[in-house]
Amino acid sequence: MSDEYHDARATVRCATDYILRWVEIANETHGVDIVYSLVYTTLWAGNVSHLRGRVYAEIDDIPPDEERRPITIRQVADSLGLPYETVRRRVVEMLKRGVAKKVGRVGFIVPGAAHAQPEMITGLKRSHTSLMRFLKELKALGIEAS
Numbered sequence: 001m002s003d004e005y006h007d008a009r010a011t012v013r014c015a016t017d018y019i020l021r022w023v024e025i026a027n028e029t030h031g032v033d034i035v036y037s038l039v040y041t042t043l044w045a046g047n048v049s050h051l052r053g054r055v056y057a058e059i060d061d062i063p064p065d066e067e068r069r070p071i072t073i074r075q076v077a078d079s080l081g082l083p084y085e086t087v088r089r090r091v092v093e094m095l096k097r098g099v100a101k102k103v104g105r106v107g108f109i110v111p112g113a114a115h116a117q118p119e120m121i122t123g124l125k126r127s128h129t130s131l132m133r134f135l136k137e138l139k140a141l142g143i144e145a146s
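Numbering (our numbering), first residue to last: 1 to 146.
Simulated from the structure, these hints should not be mistaken for laboratory data. Backbone N, C-alpha and C define an ideal beta-carbon position, used for all residues, glycine too. Possibly wrong hints are sitting among the right ones.
Only pairs whose alpha carbons sit at most 16 Å apart, straight line, appear in this in silico EDC-like list of lysine to aspartate or glutamate [claimed, not checked]:
# : residue 1 : residue 2
1 : Lys102    : Asp60
2 : Lys102    : Glu144
3 : Lys125    : Glu24
Simulated DEER-style distance windows between Cβ atoms [claimed, not checked]:
# : residue 1 : residue 2 : range
4 : Gly142    : Thr16     : 33 to 43 Å
5 : Ala8      : Met132    : 14 to 24 Å
6 : Glu24     : Leu141    : 42 to 52 Å
7 : Gly104    : Thr129    : 19 to 29 Å
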């Protein structure tokens, strides 16, 4: 067996554990189902995908709305491999909750105010702790991020 697959099963177990913790945290943070959590996450991640490095890196350092790039329901649906109508319903729900905002004719963002809500800050902290645990587990297996 090649070195490329060294500890493959152990690595996948660690990654799976991390993903399942993310699902738990996301569902508790939003109080809804996994599809909503995935749509929300895909939307905000798409809004800030152009921001790299340590820009807006601290917990209270939320990018302003004008720096967010709006994305469409179609882009979110295609990214997740979900039907357009499924994503549209979730975005409508997010608009009603005030955690999404329409920008322009067809684009949407998750505004900074949504990220500043106490439950979102708590979810971010829990997600960070979970990610650090995952990276520590990989390091214990001798796997370094490259």
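* To do: Mind listing which of the numbered hints don't hold for this structure, in increasing order?
  => Those not satisfied are hints 1, 2, 4, 6 and 7.
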